[in-house]
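Could you build the full structure based on these sequences and the hints that come with them?
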Amino acid sequence: MTPFVADVLIPVGKIVAVILYPMIMVVVMIWLERRVVALMQGRLGPNRVGFQGVLQPVADAVKLFFKEDIMQRQADAFLFNISPVLVMFSSLLAFCFVPLGEPIRIGTYTLTLWIAESPVGLLIILGLSSISVFGVIFGGWASNSKYPLMGALRSVVQVLSYEIPTGLTVLTVAFVARSMDLVEIVRRQEASGTWYGFLMPVSFIVFWISAVAETNRAPFDLPEAESELVAGYHTEYSGMKFAFFYMAEYAHMVLVSSLVVILFFGGWLPPFPSVKALAFLHAVPGFVWYLVKIMFFLYLYVWIRATLPRYRFDALIRLVWKWLIPLALVNFLVVALVRVLR
Amino acid sequence: MAFKEINLNMGPQHPSTHGVLRLKLAVDNEVVLSVESIIGYLHRGMEKLWENLTYTQVVPLTDRLDYLASLSNNLGYVLAVEKLAGIEVPRRARYIRVVLAELQRLASHLAWLGFQANDIGAMSVLLYGFEARETILDVFEEYCGARLTIHGIRIGGVPHDLDAALAARIRKVLDGIPRRLADIRALLDDNRIWKQRTVGVGRIAADDAIAYGLTGPCLRACGAAWDMRKDVPYSSYDEFDFDVPLGRNGDVYDRYLVRLEEICQSIRIVRQALDGLPEGETSAKVPRVLKVAPAEVFHTIEAPKGILGFYIRSNGTDKPERVKMKSPSFINLQSVEHMCKGNLFSDVVGILGSLDIVLGEIDK
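Heads up: the sequence lines are chains E and W, in that order. My numbering numbers the first residue of the first sequence as 1 and each following residue consecutively. My numbering numbers the first residue of the second sequence as 343 and each following residue consecutively.
It is possible that some hints are incorrect.
To be verified - Think about it this way: if two alpha-carbon atoms lie no more than 30 Å apart in a straight line, the pair counts; the simulated BS3-like pairs of lysine-lysine are: (1) W:K668 to W:K572; (2) E:K146 to W:K346; (3) W:K627 to W:K572; (4) E:K146 to W:K633; (5) W:K627 to W:K366; (6) W:K683 to W:K633; (7) W:K683 to W:K366; (8) W:K683 to W:K627; (9) W:K666 to W:K633; (10) W:K683 to W:K537; (11) W:K366 to E:K322; (12) W:K633 to W:K390; (13) E:K146 to W:K537; (14) W:K346 to E:K322; (15) W:K425 to W:K572; (16) E:K322 to W:K683; (17) W:K366 to W:K666; (18) W:K661 to W:K390; (19) W:K661 to W:K425; (20) E:K146 to W:K366; (21) W:K683 to W:K425.
Honestly, the hints are just simulated from the structure, not real lab data.
See the structure below:
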């Protein structure tokens with residue numbers, strides 16, 4: 001393999017892929033959500049554009065590209081314009097640290113299915129997802145309008161509160177794996193033969209609930225509760241800027257699902273590693289397993305949304321401070337004790 | 343950081359004000375300090391309009407008042423005119439009216455159920471409620487060709503007969519509704535989030551409710567038994583056996599339960615009316631040009647949203663001199679501030695939804 005291919009073409013290809021992959025997942029997710037929710041509600045959902053309507057999200061995005069970009073006079077132009085970028089940027093950047101599968105060997109060259117492997121990859125992803133909160137509060141604040149402001153305030157309180165249980169549960173994983181490197185965490189799960197989701201179910205459940213809350217999804221979708229706050233922090237946005245918020249939300253969901261899969265369900269590992277009769281499962285590429293697992297959690301998102309009513313703000317905060325954080329703390333102590341005693 | 347009291351304008355373009363209602367809210371952070379409802383965005387001058395139309399011409403316009411229960415408006419107006427002109431309606435027509443009016447109540451309550459759930463964020467229930475309502479609208483379509491603004495009642499009787507085929511179809515629709523309702527109840531009844539959002543929210547005591555003039559399911563949710571069908575029967579309602587469901591706490595959850603139970607009772611009434619449908623004419627003999635000697639009358643019925651009353655004064659011509667409408671939504675809306683004060687902003691939406699208002703009826 002020539003140095004040109006190894007040093008230029010492949011990195012560039014990977015960079016393109018890391019932008020395209022979340023985007024494609026977003027499109028798939030939007031389509032999945034609309035169709036699945038429609039089927040759950042006895043409707044059809046979009047089924048005209050492309051096969052079974054798969055191109056509907058693309059058509060919508062194209063429509064939003066050409067829409068008039070409105071900014072009201074009293075808005076703060078700089079913050080107003082920067083916040084959708086901030087939200088989108090932090091979601092996309094985090095994907096650089098998400099490993100999609102086992103490295104592939106092509107002759108002497110090893111193609112890694114991630115852009116950057118960092119010993120603190122987990123920390124970086126959590127940090128980046130916190131940056132998107134800034135986008136939300138700037139967006140809501142800079143709109144200089146009441147509904148977006150209330151949405152932004154709600155969002156900040158919610159995301160900051162729910163980051164505590166997220167952090168505490170992520171710590172238990174880092175504890176057991178003795179690493180914050182996402183690739184290393186998957187390797188440890190492979191070596192131990194048990195996925196951490198089964199080893200530490202409490203961690204998984206607390207993480208999942210907090211993750212749904214952090215992505216502002218139903219039943220925790222208060223910041224953008226349409227029946228109360230119209231559209232929450234992005235009420236005043238239109239056109240492409242709105243599309244950025246919209247896509248970033250879905251990208252964030254894909255990211256969170258990826259994290260759940262990597263931290264708790266063995267990333268790209270095939271299921272039942274110890275059962276001899278199911279050894280043929282190893283023939284399926286790791287990337288496919290990874291996708292299947294992600295799709296399961298994305299489906300879970302949609303399912304929850306179609307089923308549950310929305311929390312009220314006080315109940316939401318009560319849930320995190322009175323239940324999830326104490327639970328996460330106790331869980332953390334138990335995991336730490338077991339880890340030390342063994 | 344201290345929060346100032348901010349004024350929040352909810353509506354007239356807002357997803358949850360059920361039309362073009364505008365609420366001026368003063369909120370401290372998320373706590374509601376005061377609510378002022380500003381109405382009139384849908385004012386079409388109905389009452390004045392009616393003074394220039396003949397008694398018969400008014401009927402289709404009443405469809406446009408509470409457009410989710412248009413047939414109940416027809417019934418209220420027509421009964422008042424019949425009382426005024428002394429028209430005796432044949433028994434068969436009265437039974438068909440009961441069938442249609444109760445079907446309309448079902449449709450209205452099912453639509454309300456969907457809206458209320460959607461306001462609180464359970465969006466699937468909206469579709470389930472509408473799916474069930476759709477089957478009833480299909481019955482209306484088969485009966486008279488229209489689905490929403492039905493004009494299904496005429497002065498002196500009903501426009502069409504209810505034949506055996508339609509009766510069989512109505513029975514089939516009635517059989518389907520409890521199953522759909524069970525689906526919805528499985529999603530909501532014991533749902534923790536649903537209960538958090540509804541139990542104890544928007545409470546009003548029975549005394550206050552009566553003082554505010556609250557009627558319909560909202561009043562009965564407080565435990566006050568007052569149903570015109572039972573207490574001041576009209577259109578042969580005294581010939582049917584049904585219960586008036588009552589709540590205890592007068593909160594949003596009880597209003598939900600009362601309406602669900604009313605759906606079951608309406609199904610009971612329609613079944614009885616279909617079983618006991620008497621033979622005979624479907625309309626009384628009414629002169630083509632109805633002229634009414636000077637008199638005045640006030641007649642009330644139990645519409646799905648509460649007590650609907652029509653006051654009519656005649657002057658001997660074929661047109662009413664004055665028609666005044668007592669619309670349940672208008673009066674029920676007045677208690678919104680009493681219910682919302684001190685609650686959270688999110689609850690305003692749920693409380694407003696639980697009152698089941700329709701702006702066509704408020705603004706007239």
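Here is what the structure says about each hint:
1. W:K668 to W:K572: Given that 30 Å is the threshold and the Cα spacing comes to 19 Å, the pair holds.
2. E:K146 to W:K346: Since the Cα atoms of K146 of chain E and K346 of chain W sit roughly 13 Å apart, the hinted pair holds (cutoff 30 Å).
3. W:K627 to W:K572: Satisfied, since the Cα-Cα distance of roughly 28 Å is no more than 30 Å.
4. E:K146 to W:K633: violated, 56 Å
5. W:K627 to W:K366: violated, 51 Å
6. W:K683 to W:K633: violated, 50 Å
7. W:K683 to W:K366: Distance ~13 Å between K683 of chain W and K366 of chain W Cα, so the pair holds.
8. W:K683 to W:K627: Violated, at about 53 Å.
9. W:K666 to W:K633: At roughly 19 Å apart (the allowed maximum being 30 Å), K633 of chain W and K666 of chain W satisfy the hint.
10. W:K683 to W:K537: Distance of about 20 Å is within 30 Å: holds.
11. W:K366 to E:K322: Distance of about 34 Å is beyond 30 Å: violated.
12. W:K633 to W:K390: holds, 19 Å
13. E:K146 to W:K537: Since the Cα atoms of K146 of chain E and K537 of chain W sit roughly 29 Å apart, the hinted pair holds (cutoff 30 Å).
14. W:K346 to E:K322: holds, 28 Å
15. W:K425 to W:K572: Holds - the C-alpha atoms of K572 of chain W and K425 of chain W are around 19 Å apart, at most 30 Å.
16. E:K322 to W:K683: holds, 27 Å
17. W:K366 to W:K666: holds, 28 Å
18. W:K661 to W:K390: holds, 12 Å
19. W:K661 to W:K425: Distance of about 16 Å is within 30 Å: holds.
20. E:K146 to W:K366: holds, 13 Å
21. W:K683 to W:K425: Measuring from Cα to Cα gives roughly 42 Å; hence the hint is violated.
In terms of the numbered hints stated before, the structure departs from hints 4, 5, 6, 8, 11 and 21, listed from lowest to highest.
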